[in-house]
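Protein sequences appear in the order of chains A and B. Note that UniProt numbering numbers the first sequence so that position 85 is 85, with each residue one more than the last. Note that UniProt numbering numbers the second sequence so that position 123 is 123, with each residue one more than the last.
Because the hints were derived from the structure by calculation, they are not lab data. Please note that the accuracy of each hint is not assured.
Put simply, identical chains are the same to the list, so a pair is met inside one copy or across any two.
Said to hold, decoys possible - Restricting the straight-line Cα-Cα distance to at most 27 Å, the calculated cross-link-like pairs of lysine-lysine (DSSO-like) are:
1) 65 x 43
2) 146 x 5
3) 43 x 146
4) 59 x 43
5) 5 x 59
Protein chains: 2
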Amino acid sequence: MAVEKLVGYVSARKSRVMMLVILLRVLALFATIAATVVMALNKESHTFAVATIGNTPVKITITAKFQHTPANIMFVVANAVASLHSLLMLSLMCFVSQKYDFKGLRFIIVTALDMVTIAYLSGAATAVAFMGELARNGNSHARWNKVCDNFERYCDQGSGAMLASYIGILFFMLVNLVNIFEHGRFNPSKNPLSA
Amino acid sequence: MAVEKLVGYVSARKSRVMMLVILLRVLALFATIAATVVMALNKESHTFAVATIGNTPVKITITAKFQHTPANIMFVVANAVASLHSLLMLSLMCFVSQKYDFKGLRFIIVTALDMVTIAYLSGAATAVAFMGELARNGNSHARWNKVCDNFERYCDQGSGAMLASYIGILFFMLVNLVNIFEHGRFNPSKNPLSA
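So here's chain A without its partners, still in its complex pose (with noise of 0.2 Å):
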């Protein structure tokens, strides 16, 4: 009788971090899908006057587009995989039933693809934040000059993205720490010693 009621106490609290990691999941997964598509439409055209021949002036226009910078391709291209990777483990969460699980490996391959995860996400959004500073405040020991004074829109929406990439990697944390403790927590299969 006891017994059952642990089991019953253990279900009803699987389910419950079940709920927690699949609004989590799905947090993140908005989050980088944000990021993705600011990114991506991230383009600016500015039209500035170089000479005056006469009195007819002479304009060239120059557009800023997310594909100049390789950082912000890398960031779009993380962006998209942390999307497609959250819907699959969506996906799996919701119809692939918990029992299709060999020796614990499922939990461990879900684990380590977060963790890839994080690491790339994380790298693709520091090194956009750099690129970022370096065009707000250019370099001088570079000779590398700012060119945000120009592309203010465009720099601000490239931040947003940043912040919508660093706010999903958070979410992924959550996920894996959740996912990780419960794991430890309530498997029995797992353990040798469980009755």
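Given the structure of chain A, go ahead and fit chain B onto it with the hints provided.
Quick look at chain B alone, frame taken from chain A:
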């Protein structure tokens, strides 16, 4: 009798795993220390003739230092902090008994710290990678010229530090995976259904 055998098997396996984790942590420590030192010592001077007055050439000496790029400063700090983290974890494993653990909090704190370390190391290394790419190839859209043609050794040394940091990240990931896998496998105290 069977239970005693099982307990013996578990503790033998636990100590083998502990040795593996210590080995991986020491390797991670070496990698991050190497990355810190190689980057912190990165400095190259070049003398250029900029003009000739009469027969006397006018020369200027330009020095490239790692401090000139914010990404490099973050890289050195991140790898130094990761090295301290490894040292702390190693001393925790070697000198503080596994018994001092409040409701599995020790495991979750160590795992969370390892994950955060992976995230910021990956961020620092990737930021340096993209700054290096910019220094090598320049960016015609932003009119940022390449600088590595004049400071080749400086750029190569930075790349070496980056590589060491990525190797460190790999070891941190392995440590984390081994820790997580083993915790789920042999942790009867955390399991309400265990014997």
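Regarding residue 43 and residue 146, is the shortest C-alpha distance of 27 Å or less found within a copy, between copies, in both, or in neither?
Answer is both; intra-copy 17 Å and inter-copy 24 Å each pass.
Status of residue 59 relative to residue 5 across identical chains (alpha carbons, at most 27 Å):
So residue 5 and residue 59 fail the 27 Å test inside a copy (79 Å) and across (85 Å) alike.
Under a CA distance limit of 27 Å, which applies to residue 146 and residue 5: within one copy, between copies, both, or neither?
Neither way: residue 146 and residue 5 sit 66 Å apart in one copy and 69 Å across, limit 27 Å.
Status of residue 43 relative to residue 59 across identical chains (alpha carbons, at most 27 Å)
within (19 Å within a copy, 42 Å between copies)
Using 27 Å as the alpha-carbon threshold, which applies to residue 65 and residue 43: within, between, both, or neither?
Cα proximity of residue 65 and residue 43: one copy only (4 Å, versus 34 Å across).
Of the hints listed earlier, those the structure fails to meet are numbers 2 and 5, in rising order.
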